[in-house]
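Number of protein chains: 6
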Amino acid sequence: MRLLVVNPNSTATMTQKAVDAARLVAAHGTDIIAATSKTGPASIEGYYDGAMAVPGLLEEIRIGEAAGAQAAIIACFDDTGLDAARTMANIPVLGLCECALVTAGFLAPRFTVVTTLGRSRVLIEDLVHHYGMAHRVKVRAADIPVLDLEDDHSGALDKLHRQIEQALMQDGAEAIVLGCAGMADLALQLQSDYGIPVVDGVSAAVKQAEALLTQRLTTAKRGSYAPPIPKPFADS
Amino acid sequence: MRLLVVNPNSTATMTQKAVDAARLVAAHGTDIIAATSKTGPASIEGYYDGAMAVPGLLEEIRIGEAAGAQAAIIACFDDTGLDAARTMANIPVLGLCECALVTAGFLAPRFTVVTTLGRSRVLIEDLVHHYGMAHRVKVRAADIPVLDLEDDHSGALDKLHRQIEQALMQDGAEAIVLGCAGMADLALQLQSDYGIPVVDGVSAAVKQAEALLTQRLTTAKRGSYAPPIPKPFADS
Amino acid sequence: MRLLVVNPNSTATMTQKAVDAARLVAAHGTDIIAATSKTGPASIEGYYDGAMAVPGLLEEIRIGEAAGAQAAIIACFDDTGLDAARTMANIPVLGLCECALVTAGFLAPRFTVVTTLGRSRVLIEDLVHHYGMAHRVKVRAADIPVLDLEDDHSGALDKLHRQIEQALMQDGAEAIVLGCAGMADLALQLQSDYGIPVVDGVSAAVKQAEALLTQRLTTAKRGSYAPPIPKPFADS
Amino acid sequence: MRLLVVNPNSTATMTQKAVDAARLVAAHGTDIIAATSKTGPASIEGYYDGAMAVPGLLEEIRIGEAAGAQAAIIACFDDTGLDAARTMANIPVLGLCECALVTAGFLAPRFTVVTTLGRSRVLIEDLVHHYGMAHRVKVRAADIPVLDLEDDHSGALDKLHRQIEQALMQDGAEAIVLGCAGMADLALQLQSDYGIPVVDGVSAAVKQAEALLTQRLTTAKRGSYAPPIPKPFADS
Amino acid sequence: MRLLVVNPNSTATMTQKAVDAARLVAAHGTDIIAATSKTGPASIEGYYDGAMAVPGLLEEIRIGEAAGAQAAIIACFDDTGLDAARTMANIPVLGLCECALVTAGFLAPRFTVVTTLGRSRVLIEDLVHHYGMAHRVKVRAADIPVLDLEDDHSGALDKLHRQIEQALMQDGAEAIVLGCAGMADLALQLQSDYGIPVVDGVSAAVKQAEALLTQRLTTAKRGSYAPPIPKPFADS
Amino acid sequence: MRLLVVNPNSTATMTQKAVDAARLVAAHGTDIIAATSKTGPASIEGYYDGAMAVPGLLEEIRIGEAAGAQAAIIACFDDTGLDAARTMANIPVLGLCECALVTAGFLAPRFTVVTTLGRSRVLIEDLVHHYGMAHRVKVRAADIPVLDLEDDHSGALDKLHRQIEQALMQDGAEAIVLGCAGMADLALQLQSDYGIPVVDGVSAAVKQAEALLTQRLTTAKRGSYAPPIPKPFADS
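Taken in order, these protein sequences are the chains called A, B, C, D, E and F. Per this note's numbering, the first sequence runs over residues 327 to 562. Per this note's numbering, the second sequence runs over residues 327 to 562. Per this note's numbering, the third sequence runs over residues 327 to 562. Per this note's numbering, the fourth sequence runs over residues 327 to 562. Per this note's numbering, the fifth sequence runs over residues 327 to 562. Per this note's numbering, the sixth sequence runs over residues 327 to 562.
Chain A with its partners taken away, still in its complex shape (with noise of 0.2 Å):
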C-alpha cells in the first residue's frame, strides 16, 4: 500500500514530524510518502491560513494520486479542503481531526481535544459538531504559535501539560485527543505521563486509510463526492 501524507502547510520539519509519526503506526508493506504544499502558508493557524492553503494541498493530492498513492491523509487537524479533496480524488482522503475523533470515541465517552492557538478553538469545536460529537467533546487552546512545536525551548510543551491537566480536573476528560499535526510526536510520551489514552490524529489517519484500502472501500461517487465538472478556470 502506497499513502500520501500531504503537509498542507509549507513547513518541511512538520512533514518530517508527520511522516515519522505515519511511519511508526504503518503496517508492514505500507508505504509512507509526504509531500509538502509548494504554495502554501508556513503553518496553519485559523479559517485564513487554512482556505489558503487548499489548492497547494490538493495539487499534491493529485500529483499523488497520479503517481500511484491509494490513499491520502491531509496532515492538519483543521481538516481543511477534505470535502474538496474527496471530491477530487478517487481514492479516499482522511483528515486528523475526523480520525482523531473517532478513534478517541472508540475508548472514551467524554474527552478533550488540546489545540495551539485560541483563535483555532471555535473551528475545532464546529468540526467536533459537524462530526456529531459536541455532546462529547470539549476543545481547548493551549496558546502555542505552531510553530513553537517545532522548538523544544519555546515552553510549547508545559503550556501542553497546563491543558491536559486542566480538561482532566474540570471536563471530567477520559482521554486527550492532541489538535494538531505538529504535537504528533508527544502522543506516546504523555500517554505515559498521564496514564490515559492520547490520540495522535497522524497516526489515527494512517491506521483509517490502511483499514479502508483492506476493506477494499473508497469514496463515495454518487451524489456530494461526485467527481468535478470538467469547466475552465479563469487563470487556465
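By construction, these hints were calculated from the structure, which means they are not laboratory data. We treat Cβ as the ideally placed atom computed from N, Cα and C, and that holds for glycine. Any given hint might turn out to be false.
The calculated lysine to any residue pairs, modelled on SDA-like cross-linking and capped at a C-alpha distance of 25 Å, are [claimed, not checked]:
no.	chain 1	residue 1	chain 2	residue 2
1	D	Lys364	C	Pro554
2	D	Lys464	B	Pro556
3	C	Lys464	C	His479
4	A	Lys464	C	Asp497
Covered stretches of chain C (in silico footprint by chain B; criterion: 3 or more residues with CB under 8 Å from a CB of chain B, positions within the stretch not fixed) [stated by the list, open to error]:
no.	segment
5	413-424
6	434-443
7	454-468
If you want a taste of the chain F side facing chain D, the calculated C-beta under 10 Å gives, among others [to be verified]:
no.	residue
8	His455
9	Ala460
10	Pro471
Chain A is fixed; fit chains B, C, D, E and F onto it per the hints.
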C-alpha cells in the same frame, strides 16, 4: 456606502445578474461595485469548485477593501470562503446562504431552499445545520447546471417551478429561498406566481451589509476572526 | 417607509429610548412611529409580565397597521407575542431578540447576551435554542431590574460592565448582544469601551424591517401564520 | 384534592367534554372543578387565538387558586400561557401537550400527534422540540376546524381515522397522541379500534396533577418561575 | 392496583427503602409488591453492574406479572433493562430516571440530577440526552458509594448537601432530582431544607404507573416493543 | 495480534460467517479467534434478546482476554453490551454499529443502514443518534428474520436489494451500511452490484481493533469505564 459584490466564479453574466439584483434593492446612496474572480471556475458546483474559488475570491475582497469598499458580499449560495474572508478583511463580509436563511426566518417558521444540482444539496443542508436552522428548513435540488440559468431556453425555469410546487405540497414550505446566485433575477416573478415569500440571497445580503454599516458594526476581531498572523507562503 | 415601534410595556421613557435608537439608524425617508401599550405592565420581567403584555401590544400593531405602518417592531427583547403578531398583521413584524441574534451572528461565531434579571435568563436561552443558536450563544443576567436602566444612579451600568467582562474572560465571547430594549442607548459607548461589536436589538430590528420592505417581502400567509379565523370572543 | 380544569376558549361544550374526561380518570377523592374563560375566543386555532386567550386563562387560574384549587390544568393542547401560569400561581400547573407527550413517551419510542388544523402543526412541532422529543415524534394535522369536533356530523372523525392510519403506515408510529382537548372523548374508542395506545392530554394532565400533589411537589419558585414582581399595569 | 417494585440489585435494605417510599405516595387501593433480584450485584455502580443485573431483573418482572402485578417499576436510577422489560412484559414498566426527569420537568425549566459515583455521571448524562432533556439538565456526582447510603455514619448526606448547594450556585438549578434509588428516603427533608422541589424517582415512578393504569394505557406492542420472538437459548 | 470475535448469539453458522469476514480483512499476523455465546439466544432481534445476550457475551470476553486476546469484537450490529464490556475488559472492545458508522462516515456525507426486522429499526436509530450521526444517516428494515440470512432460499437477499434500491432513490443515500452481522458475506457483491460503498461491520471492527492496538491505545480507565468495583452477586 460602497458595497463590493464579488462573484467567486468567472462568468461575467452571473456577476452582472448579481449586480442588477443588488442595485434593485440598494439604498439611495449605496454604490454597488462588482468584481469577478480572475482565477475562479466558470461556475461553482460542489465542494471542489468552491474550494478552488476561494483564493481568487479573497484577492478581490482585498483589492476592493483597499479601494474603499465598506462591506463585501460573496455572491455564491455556498458561502464559500466566508470565514476566511471575515478573518482577512476589516470590513463586514456577507454570504448569500446565511443572509437568505435569516431573512426567510423572519417570514416563515418552515421553508425550503431550492438549489441547482443534487451534488450541492448536502453541502447546503450542512450550512443550514451550521446556521442552526435544520429543524426549520428543507433543501431541494432542481437538477439544473448552474450555467443553464444563463440560458433562457435551457428548461431551467420549468425545473425550478416543479421543485417549488413539490416544496409546497410535500415539505409544508411556507416560503422559498432561491439557492443559487444565478437565480437572483427570478425572485419577484416567482413570488408573484405563487403568492408566497421568495427570498433571493443577493438582495438579502445587500440589505444586511447596509444594516451592519449603518449600525457601525463590523466583524469581531477578538478570537476566531482575529487578523491572519503575517507569515511566509511557500510561493511568495 | 413608516415603521411602527411598539413598546409592550407602559413606561414612556423606555418608548422614547427605543425611538431614539431607532431614529439613529433609520434610513433617510424612514419614519419611526412610536406606540406605548395602553394596558401593559410597567416593565416586562419574566413570563407573566410578557404574556399579560401581549393583547395591548397586538392592539397597538392593529392600530398602527390601519394607520399606515408598513412594518412593526416589538420593542422587548423577549420577543413576546411575536408569532401572534405575525399571524394577525399583514405587515412584517420583527422582534429584538431574533434580530439581534442574527445580526451578531454575521460578526462572530460565539457571543454572549447580557440581560437584566436572572428570571429572564432561561427565557432567553430558550429563545436562543428556538432560533437555532444554542451552540454559539451564552446568556448572562446582570441582576438589574428593568427600570433601573432608566435611572442613571442605580448602578445598573456597573453591573452590566461586570457581566461583559466576565463574558469576555469566561465565555470566550467575541461580541456582545444587549438583552433588553432599555439598554438601547448604551451600545455605541460599550462598543467603544471594549473594542468588540455590541449589538442593540432595537437598531437591528429597524434595519431588518427596512430590509424586508425594500425586498418587497412580508410574512408568509400560507400555513402557520395564516390570518386568524374570524370568531367570537366571549367578552365581545 | 381539588383540581381546576380551565378551558381557555369560551365554548362551554368543550369545557364539559374536558371535565368528563377528567372525571373518568380522577382518583377517588379528587374533585374536578371546571372554569371556562370569560374573555377567550370560541376556539384556539393558531398563535393569535392562543395569545389572546392567555389573560382570561390566567384570571381563571387566579380565581380558582384563591377558591382552594390545588392544581390547575390548561385544557388546550397548545400549552398556551403555561409558563406564565406557572410563574403566577403557587399551585402546580399542567399543560395537555407536555403531559400527553411524556405519557406516550413511557409507552413507545416513536409516536405521532394528530391535531386539528394545518396552522397548528408547526406550533406543536415547536412544542415537541421544546420538550426534547423531536427525534421521537411526528405531528400531523387532520384538517378539522376545532368546533367540528363538537358536531357528530362534521366528518371530523373520518378525517382523524385517516390521519391515524397514515401515521401507522408512513410514520412508523407505535402510539398516537390526540392533539386537541376537543378529542378527549375519543381516546378509548380509537385505542380499541387500532389496538395501539391512544393518549388524551386531559386525562394525562389530571393524573400528573394528582401525582405532583401526592408527592408534595409544586412549581419551583427559584429562578425562571419566581412570583411576578408586583408592578402597575397601564389600565389599572 | 398491584404495582411491582423490583430492586435489580440484591441488597434487601435498598429494596425496603424503595418500598417505603413507594407506599408513602401510593394511592388508596394500590398494593406495592416488592422483589429483590436473586442474581444481581450488591449495588449497581456503572455499566457493568447494570448490564449484569438485567436477567435477574427481567426474571422478577416475569414472575411478578404472572402473579398479577399490573405494572412494574425498576428501582434503579440507571433505567437498566428498561427497553428489554418493556419488550418482554405486557404490563407497563417504568424507570426511575425517566419518571424523575419528566416530573421535575413540570416544575422547573432547569434542574440538576445529583447521583452517587463519578462513574455514573456520563451514563446518566446519556440518559438525559436520550430523554431529550440535555438542554435543561445538568448531572453531578457526589462521590458516594451506593451502599454508603445505607449507613447513617458514612458522611454520604454531607456530600449530597454539598453537591446540591453547588448545583444551586453554579448550575442555576431550580430543582433537584435525586439520582439513586437509595436516596428515596431523603427527598422530603431536602425539599424542606432548601425550599426547592426535590424529586425522588421511586415516588415519581409509582405515580406514573398508577397514572397509566387508570388511563388504561400500556406499552405499545407494535414495532420496537413487540413481544420477543420465541427462540431457543443456548443454555436452555 | 490476537483478536477475539464474539458472537453473542448461539448460532454457530453466524459465528463462522463473522470469522470468515474477519479473516478476509485481517492483517498479516493477526489471529482471529472466535467464540460463540454459551448462553445466548439463537439470534438477536430487538431489545429483549439483546439484553439477555449480554452476560454470556461478557463471559466470552473475560475468557478470551484471560487467554491472551488483545482486543474483542462484539459481532452484533446492536452494539449490545458494549459499554459493559469496555468497563469489564482491559483490552479494547469494538461494536459493529459504531465501527461501521464511522467507516461509512469517511466515505459519504449521507448513507443508509439496512437492517433485518422492523423491531430493530428504532434501536439502531437510537444508536445512530447516540453516535452523533442522526443528521447523516437513515435506517431501513428489510423485514428479514435474522436466521433467514443463513438460508439461501429464504428470499432475504431480494428483500435486501429492494431496500438498497429504495435507499438510493428515496433517501439520497450515497453509501450503504449492512445492519446485521449475518450480512457480512454480502458486502463485496453488493458493492459491485450497485457501484457504491457497502460497509460491513465485522470487517470494519477488525480494522479498528488492529488500528487501536498498533497505536497502543486501549479503553480509558478513568471515569465512565473504570474497572467494575468488586462486589458480591446474589447467586455467587
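Outcome of the hint check:
1. A threshold of 25 Å between alpha carbons decides the hint, and for D/Lys364 with C/Pro554 the separation of about 20 Å falls inside it, so the pair holds.
2. Annotation: proposed proximity of D/Lys464 to B/Pro556 is violated, straight-line Cα distance about 52 Å (limit 25 Å).
3. Of the supplied pair hints, the one linking C/Lys464 and C/His479 is violated, its CA atoms being roughly 28 Å apart against a limit of 25 Å.
4. Straight-line distance between C-alpha atoms of A/Lys464 and C/Asp497 comes to about 13 Å, which keeps the hinted pair within the 25 Å bound.
5. Check on the segment 413-424 of chain C: 3 of its residues sit with their Cβ under 8 Å from a Cβ of chain B, so the three-residue criterion for coverage holds.
6. For the segment 434-443 of chain C, the proposed coverage by chain B is satisfied: 4 residues have a C-beta within less than 8 Å of a C-beta in that chain, meeting the threshold of three.
7. Residue count for the segment 454-468 of chain C with a Cβ under 8 Å from a Cβ of chain B: 6. That meets the three needed, and the coverage hint holds.
8. Interface restraint check for F/His455: the shortest CB-CB distance to chain D comes to about 6 Å, inside 10 Å, so the restraint holds.
9. At about 7 Å, the closest approach between the beta carbon of F/Ala460 and any beta carbon in chain D falls short of 10 Å, and the interface hint on this residue holds.
10. Taken as an interface hint, F/Pro471 does not check out: its beta carbon lies about 19 Å from the nearest beta carbon of chain D, beyond 10 Å.
Checked against the numbered hints above, the structure violates hints 2, 3 and 10; every other hint is satisfied.
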